[in-house]
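As given, the protein sequences belong to chains W and Z, one line each in that order. So that you can map any letter, position 33 of the first sequence is 33 in this note's numbering, and since no number is skipped, the others follow by simple counting. So that you can map any letter, position 5 of the second sequence is 5 in this note's numbering, and since no number is skipped, the others follow by simple counting.
Everything labelled a hint here was simulated from the structure, so no lab data went into it. None of the values given here were measured: they were computed from a predicted structure. Glycine included, every Cβ here is placed at the ideal spot set by N, Cα and C. Hints are not guaranteed to be accurate.
[What the hints assert, rightly or not] Straight-line C-alpha distance at most 27 Å; calculated DSS-like pairs for lysine-lysine:
no.	chain 1	residue 1	chain 2	residue 2
1	Z	83	Z	13
2	Z	83	Z	45
3	Z	66	Z	83
4	W	106	W	17
5	W	17	Z	77
6	W	46	W	106
7	W	46	W	17
8	W	46	Z	83
9	Z	66	Z	77
10	Z	13	Z	45
11	Z	77	W	46
12	Z	13	Z	66
13	Z	45	W	46
14	Z	45	W	106
15	Z	66	Z	45
[What the hints assert, rightly or not] Incomplete in silico selection of chain Z near chain W, CB under 10 Å:
no.	residue
16	45
17	47
18	51
19	62
20	64
21	90
22	91
23	94
24	98
25	106
26	109
27	110
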Amino acid sequence: QSVLTQPPSVSAAPGQKVTISCSGSSSNIEYNYVSWYQQLPGTAPKLLIYENNERPSGIPDRFSGSKSGTSATLGITGLQTGDEADYYCATWDSSLSAGVFGGGTKLTVL
Amino acid sequence: QVQLQESGPGLVKPSQTLSLTCTVSGGSISSGNYYWSWIRQHPGKGLEWIGYIFYSGSTYYNPTLKSRLTISVDTSKRQFSLKLRSVTAADTAVYYCARGLAATLLVYWGQGTLVTVSP
Numbered sequence: 001q002s003v004l005t006q007p008p009s010v011s012a013a014p015g016q017k018v019t020i021s022c023s024g025s026s027s028n029i030e031y032n033y034v035s036w037y038q039q040l041p042g043t044a045p046k047l048l049i050y051e052n053n054e055r056p057s058g059i060p061d062r063f064s065g066s067k068s069g070t071s072a073t074l075g076i077t078g079l080q081t082g083d084e085a086d087y088y089c090a091t092w093d094s095s096l097s098a099g100v101f102g103g104g105t106k107l108t109v110l
Numbered sequence: 001q002v003q004l005q006e007s008g009p010g011l012v013k014p015s016q017t018l019s020l021t022c023t024v025s026g027g028s029i030s031s032g033n034y035y036w037s038w039i040r041q042h043p044g045k046g047l048e049w050i051g052y053i054f055y056s057g058s059t060y061y062n063p064t065l066k067s068r069l070t071i072s073v074d075t076s077k078r079q080f081s082l083k084l085r086s087v088t089a090a091d092t093a094v095y096y097c098a099r100g101l102a103a104t105l106l107v108y109w110g111q112g113t114l115v116t117v118s119p
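Next comes chain Z alone, as it looks inside the complex (with noise of 0.2 Å):
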């Protein structure tokens, strides 16, 4: 069974960079037709779609956070990551991971991980 876990600082400062990893267990992360993905939810609100890496490599980010994103992937430790800089009050939200067939079907999920953004 295909498992996603969401890892990283529970709490970041205004202006620094906000980093997860998500590490995968129970299927590999370098083989298959998988979309990597990101996806947060701010305090009682819908979700956003944050990004993917695709199996290959090749990246998509939402057009609000391009500037600021990065994702990557570890195939040796099984993880991928996201990275955003410059984060503001308005990044504070629960970060889930998720592997995808398309970016938006969304098979499995991280149980998710709280971020806030604070002083």
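The shape of chain W in the complex, shown without the other chains (with noise of 0.2 Å):
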């Protein structure tokens, strides 16, 4: 049982958007940055969000992030079959002294 909690899966239809949510509590999400990673399947994740809403070099800006209060939500725009993976929020758990991750948002993309 995660301290973070995401949605167990999303979907949508290709072109469409879709919004994971992610939310946490005042040790973590509210006063510490979050990540997103994307986990294709059988392969490593990767980092697509940083700092609530930064995007790394390569990552494009379909992939959208935000923070209010305790919660942070990925967005992803132009949905394509390749978006098909988990998606996993992190952060820092003040509480824990722990980085801890959400349990995972499985998208389809019908």
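Using the supplied hints, reconstruct the complex from the two chains, each of which is provided in its own coordinate frame.
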């Protein structure tokens, strides 16, 4: 049971937009930066978003991040079949003094 | 281009020590404000943060693993390592090493290595 709560799955049609939520608390998301990772089947996770809303070089602007209070959101527009993957949020938990990941959300592009 | 590669036994017996090494190429392991990290993923499950060793040598561990865990670095070999003692079947997972700019800002990842704990 993760301290960061994500929906187990989301789905949308190609070309559409989807959002993935990550709910935490004042000991993690509210006062710490959030990162988002994409994990394609059988591969290592890949950094998509860091510091709540920044994209590393090479990540298309179809991917965006935001944070408000104790929740963060990953947005993906112009969905492609290649976006089918598991998505994880992550942040530092000041109470645990440890990094924490969300439970992951499986994105299906119908 | 920075690359990381995990290595170590794929099978460990219960109660023994799981030892993995991450070899870094394409960049220095002894300079820069980097967090040399370990993350694991149980079969079919989500990611679990294990811990890191900072470039200065300081370490931070997952509290649930802290009593059994040691992360160390060998700068001469450009490697950092994980040792997890007294393993059980619950430690069966794919183990990833990564280089981060913060504890959970992990930019470069290894491909992962599956470690199975079984008699």
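The hints, checked one at a time:
no., hint, result
1, 83(Z) - 13(Z), "holds (14 Å)"
2, 83(Z) - 45(Z), "holds (22 Å)"
3, 66(Z) - 83(Z), "holds (11 Å)"
4, 106(W) - 17(W), "holds (15 Å)"
5, 17(W) - 77(Z), "violated (46 Å)"
6, 46(W) - 106(W), "holds (15 Å)"
7, 46(W) - 17(W), "holds (20 Å)"
8, 46(W) - 83(Z), "holds (25 Å)"
9, 66(Z) - 77(Z), "holds (25 Å)"
10, 13(Z) - 45(Z), "holds (22 Å)"
11, 77(Z) - 46(W), "holds (26 Å)"
12, 13(Z) - 66(Z), "holds (20 Å)"
13, 45(Z) - 46(W), "holds (17 Å)"
14, 45(Z) - 106(W), "holds (11 Å)"
15, 66(Z) - 45(Z), "holds (21 Å)"
16, 45, "holds (8 Å)"
17, 47, "holds (4 Å)"
18, 51, "holds (8 Å)"
19, 62, "holds (5 Å)"
20, 64, "holds (8 Å)"
21, 90, "violated (15 Å)"
22, 91, "violated (17 Å)"
23, 94, "holds (9 Å)"
24, 98, "holds (8 Å)"
25, 106, "holds (6 Å)"
26, 109, "holds (4 Å)"
27, 110, "holds (7 Å)"
Consistency note: the structure conflicts with the earlier hints numbered 5, 21, 22.
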